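> For reference, the chains in residue letters:
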Amino acid sequence: DSGVTQTPKHLITATGQRVTLRCSPRSGDLSVYWYQQSLDQGLQFLIQYYNGEERAKGNILERFSAQQFPDLHSELNLSSLELGDSALYFCASSVSAQGNWNIQYFGAGTRLSVL
Amino acid sequence: SQELEQSPQSLIVQEGKNLTINCTSSKTLYGLYWYKQKYGEGLIFLMMLQKGGEEKSHEKITAKLDEKKQQSSLHITASQPSHAGIYLCGAAKPNSGGGADGLTFGKGTHLIIQP
Chain R
-9 DSGVTQTPKH
1 LITATGQRVT
11 LRCSPRSGDL
21 SVYWYQQSLD
31 QGLQFLIQYY
41 NGEERAKGNI
51 LERFSAQQFP
61 DLHSELNLSS
71 LELGDSALYF
81 CASSVSAQGN
91 WNIQYFGAGT
101 RLSVL
Chain E
707 SQELEQSPQS
717 LIVQEGKNLT
727 INCTSSKTLY
737 GLYWYKQKYG
747 EGLIFLMMLQ
757 KGGEEKSHEK
767 ITAKLDEKKQ
777 QSSLHITASQ
787 PSHAGIYLCG
797 AAKPNSGGGA
807 DGLTFGKGTH
817 LIIQP
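As they're listed, the protein sequences go chains R and E.
Using this note's numbering, you'd call the opening residue of the first sequence number -9 and step up by one each time.
Using this note's numbering, you'd call the opening residue of the second sequence number 707 and step up by one each time.
Rather than coming from a laboratory, the hints here were simulated on the basis of the structure.
It should be emphasised that the depicted structure is a prediction, and the values quoted were computed from it without experimental measurement.
Any given hint might turn out to be false.
Residues from chain E shown here face chain R by an in silico Cβ test under 10 Å; the list is partial [unchecked claim]:
hint, residue
1, Y739
2, Y741
3, L749
4, I750
5, M754
6, G758
7, G759
8, I767
9, G796
10, F811
11, K813
12, G814
13, H816
14, P821
Simulated crosslink set (DSSO-like; lysine-lysine; CA at most 27 Å straight-line) [said to hold, decoys possible]:
hint, chain 1, residue 1, chain 2, residue 2
15, E, K766, R, K47
16, E, K757, R, K(-1)
17, R, K(-1), E, K770
18, E, K744, E, K774
19, E, K742, E, K766
20, E, K766, R, K(-1)
If you anchor each label on the Cβ, the simulated ranges turn out as follows [stated by the list, open to error]:
hint, chain 1, residue 1, chain 2, residue 2, range
21, E, E747, R, T3, 31 to 37 Å
22, E, K766, R, Q7, 21 to 27 Å
23, R, N67, E, H781, 38 to 44 Å
24, E, G758, R, G18, 26 to 32 Å
25, R, G18, E, S713, 43 to 49 Å
Where is the CB? At the ideal position from N, CA and C, for every residue including glycine.
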């Protein structure tokens, strides 16, 4: 158990809908990262938050957004869903973004199926 | 953007045999992470390498970083069924604060251990 909790584990929805994925980082970790894993694209970095603020952006679509709350949990919002958004979404957390090559610990993921 | 190429893409090894997985970067490697993933599950951190020539070992797994060749290798000695899974290498991109942002991952190497 990595200590990173993601809910829900599975999500089935229809095209055009909006969903929210939730992540609770390990106790004491300030950084949260979101990744998307699909068969064709592999594991891709989406976005990073550090202590409530956006820190870095990767290949995140405009239809997707995220935020990190004062209690450090994070949510990834996916809207206007398309079939191609079906994937495993991972959250990872690390202690700090500043001055350290920190280990990112991954949650078990949320499997999103868009029908 | 940085790309990581892993080889081989898949590997079938008889239990007890040694094996090596390679990860080659299209750009300079500042930090290299190795993770293991069971199918459809989260990533488990194995090792992190930061300096050229660095070598780390954990149980029967050894990882090396060849900075000049922009390459890392993961070697498993006397493989066991528990070693089966997907091995992913991830490269860290340094940020302005001296730390690292989201990781760029290779496509993974699927390892099967035959009894």
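> For every hint, state whether the structure bears it out.
Structure-based check of each hint:
Taking 10 Å as the C-beta cut-off, the interface hint given for Y739(E) holds, the closest approach to chain R being about 7 Å. Contact between Y741(E) and chain R, as hinted, is supported at the beta carbon level, the nearest pair being about 7 Å apart and thus within 10 Å. The beta carbon of L749(E) is positioned within 10 Å of a beta carbon in chain R (closest approach about 4 Å), and the interface hint is therefore held. Among the interface hints, the one on I750(E) holds; its C-beta lies about 8 Å from the nearest C-beta in chain R, closer than the 10 Å criterion.
The restraint placing M754(E) at the interface with chain R holds, with a minimum CB-CB distance near 6 Å, inside the 10 Å limit. For G758(E), the suggested interface contact is broken, since its CB lies about 14 Å from the closest CB of chain R, more than 10 Å. For G759(E), the suggested interface contact is broken, since its CB lies about 16 Å from the closest CB of chain R, more than 10 Å. Taking 10 Å as the C-beta cut-off, the interface hint given for I767(E) is violated, the closest approach to chain R being about 16 Å.
At about 8 Å, the closest approach between the beta carbon of G796(E) and any beta carbon in chain R falls short of 10 Å, and the interface hint on this residue holds. Taken as an interface hint, F811(E) checks out: its beta carbon lies about 4 Å from the nearest beta carbon of chain R, inside 10 Å. Hint status for K813(E) relative to chain R: holds, with the closest Cβ pair at about 5 Å, below 10 Å. Because the beta carbon of G814(E) sits about 7 Å from the nearest beta carbon in chain R, less than 10 Å, this interface hint is met.
Taking 10 Å as the C-beta cut-off, the interface hint given for H816(E) is violated, the closest approach to chain R being about 12 Å. Hint status for P821(E) relative to chain R: violated, with the closest Cβ pair at about 28 Å, above 10 Å. The hinted pair formed by K766(E) and K47(R) fails the criterion: a straight-line CA distance of about 36 Å is larger than 27 Å. Proximity of K757(E) to K(-1)(R) is assessed by CA-CA distance (about 37 Å); at most 27 Å being required, the pair is judged violated.
The straight-line distance between the Cα atoms of K(-1)(R) and K770(E) is roughly 35 Å, outside the 27 Å bound, and the hint therefore fails. Taking the CA atoms of K744(E) and K774(E), the gap is about 31 Å. The hint is violated against a cut of 27 Å. Pair hint K742(E) plus K766(E) holds up; C-alpha atoms about 14 Å apart against a cutoff of 27 Å. About 32 Å separates the Cα atoms of K766(E) and K(-1)(R), which puts this hinted pair outside 27 Å; it is violated.
Between E747(E) and T3(R) the C-beta distance comes to about 22 Å, which lies outside the given range of 31 to 37 Å. Under the hint 21 to 27 Å, the C-beta atoms of K766(E) and Q7(R), about 46 Å apart, miss the expected range. A C-beta distance of roughly 42 Å is found between N67(R) and H781(E), which places it inside the suggested range of 38 to 44 Å. The hint said 26 to 32 Å for the Cβ distance between G758(E) and G18(R), and at roughly 31 Å that hint holds.
The hint said 43 to 49 Å for the Cβ distance between G18(R) and S713(E), and at roughly 37 Å that hint is violated.
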